[in-house]
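In our numbering, the protein residues as written are 9 to 148.
For the record, the hints were derived by calculation from the structure and aren't laboratory data.
Some hints here could point you the wrong way.
Listed below are the simulated BS3-like cross-link pairs for lysine-lysine, each with C-alpha atoms no more than 30 Å apart in a straight line [what the hints assert, rightly or not]:
{"hint": "1", "residue 1": "63", "residue 2": "110"}
{"hint": "2", "residue 1": "110", "residue 2": "19"}
{"hint": "3", "residue 1": "69", "residue 2": "138"}
{"hint": "4", "residue 1": "138", "residue 2": "60"}
Quick list of simulated restraints, FRET-style, between CB atoms [to be verified]:
{"hint": "5", "residue 1": "39", "residue 2": "10", "range": "35 to 45 Å"}
{"hint": "6", "residue 1": "19", "residue 2": "124", "range": "36 to 46 Å"}
{"hint": "7", "residue 1": "67", "residue 2": "117", "range": "20 to 30 Å"}
{"hint": "8", "residue 1": "115", "residue 2": "31", "range": "42 to 52 Å"}
{"hint": "9", "residue 1": "15", "residue 2": "109", "range": "51 to 61 Å"}
{"hint": "10", "residue 1": "12", "residue 2": "130", "range": "17 to 27 Å"}
{"hint": "11", "residue 1": "86", "residue 2": "53", "range": "24 to 34 Å"}
{"hint": "12", "residue 1": "107", "residue 2": "29", "range": "51 to 61 Å"}
{"hint": "13", "residue 1": "108", "residue 2": "138", "range": "28 to 38 Å"}
{"hint": "14", "residue 1": "108", "residue 2": "31", "range": "32 to 42 Å"}
{"hint": "15", "residue 1": "107", "residue 2": "141", "range": "45 to 55 Å"}
Every residue, glycine too, gets a C-beta built ideally from N, C-alpha and C.
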Amino acid sequence: MLSRYDLEFLKVVLEDLRYLENHWCNQQPSDEEIRRNTTVLRRLLVDNDLQKAWKLCGFSKEPRITIPKPSTSVNHPNLVYAQEARANVGWGVIGQVRIYNKTLSDDEIRTHYEHDRQTLNEPPASVGLKAFLRWPNYSC
């Protein structure tokens, strides 16, 4: 049986998830909203409240997160930093930000573009919460 504290904790986690769903899933959040709500995300993800709530509900494994299928073209020898992202900016989709320690040739840019353009329309992948939290970027 759950304690009063556990029930209150679950209520807060549920309220926060509903808030984020209602305010972030149907519209692009403003910089102000992102700044104010990162504390909620930090508590849910980094401070592990989502995992704790998951366990309190009786689930043995970790929650699964649906993410865009990751790019596989981050193995370039001159790649210094890559940030996975999928953002619909109205006129197109941004798939990934990359920084190289050299200027790429037109052919290299075209090859990366053609490869990544295909992955933008692929179905999302399901990963465990811990893997998702380690996922954000590739850095050399």
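Here is how each hint holds up against the structure:
With a C-alpha separation of about 47 Å, the suggested pairing of residue 63 with residue 110 is violated against the 30 Å cut-off. Distance restraint check for residue 110 and residue 19: the Cα-Cα separation of roughly 51 Å exceeds the 30 Å cut-off, and the hinted pair is therefore not satisfied. Simply put, residue 69 and residue 138 have alpha-carbon atoms about 11 Å apart, close enough for the 30 Å limit, and the pair holds. For the hint linking residue 138 to residue 60, the alpha-carbon distance of about 13 Å falls within 30 Å, and the restraint holds.
Checking the proposed 35 to 45 Å range against residue 39 and residue 10 shows it holds: the Cβ atoms sit about 38 Å from each other. Between residue 19 and residue 124 the C-beta distance comes to about 42 Å, which sits within the given range of 36 to 46 Å. The hint said 20 to 30 Å for the Cβ distance between residue 67 and residue 117, and at roughly 44 Å that hint is violated. Hint check: residue 115 to residue 31, Cβ distance near 43 Å, so the stated range 42 to 52 Å holds.
Between residue 15 and residue 109, the C-beta spacing of about 53 Å keeps the proposed range 51 to 61 Å intact. The hinted range of 17 to 27 Å is not satisfied by residue 12 and residue 130, whose Cβ atoms lie roughly 46 Å apart. Distance hint check: the CB atoms of residue 86 and residue 53 are about 32 Å apart, consistent with the given range 24 to 34 Å. For residue 107 and residue 29, the hinted distance range of 51 to 61 Å is not satisfied, since their beta carbons lie about 33 Å from each other.
In this structure, residue 108 and residue 138 meet the distance hint of 28 to 38 Å, their C-beta atoms being roughly 29 Å apart. For the pair residue 108 and residue 31, the supplied restraint of 32 to 42 Å holds, since their beta-carbon distance comes to about 36 Å. Checking the proposed 45 to 55 Å range against residue 107 and residue 141 shows it is violated: the Cβ atoms sit about 22 Å from each other.
Hints 1, 2, 7, 10, 12 and 15, counting from the list given before, are not met by this structure.
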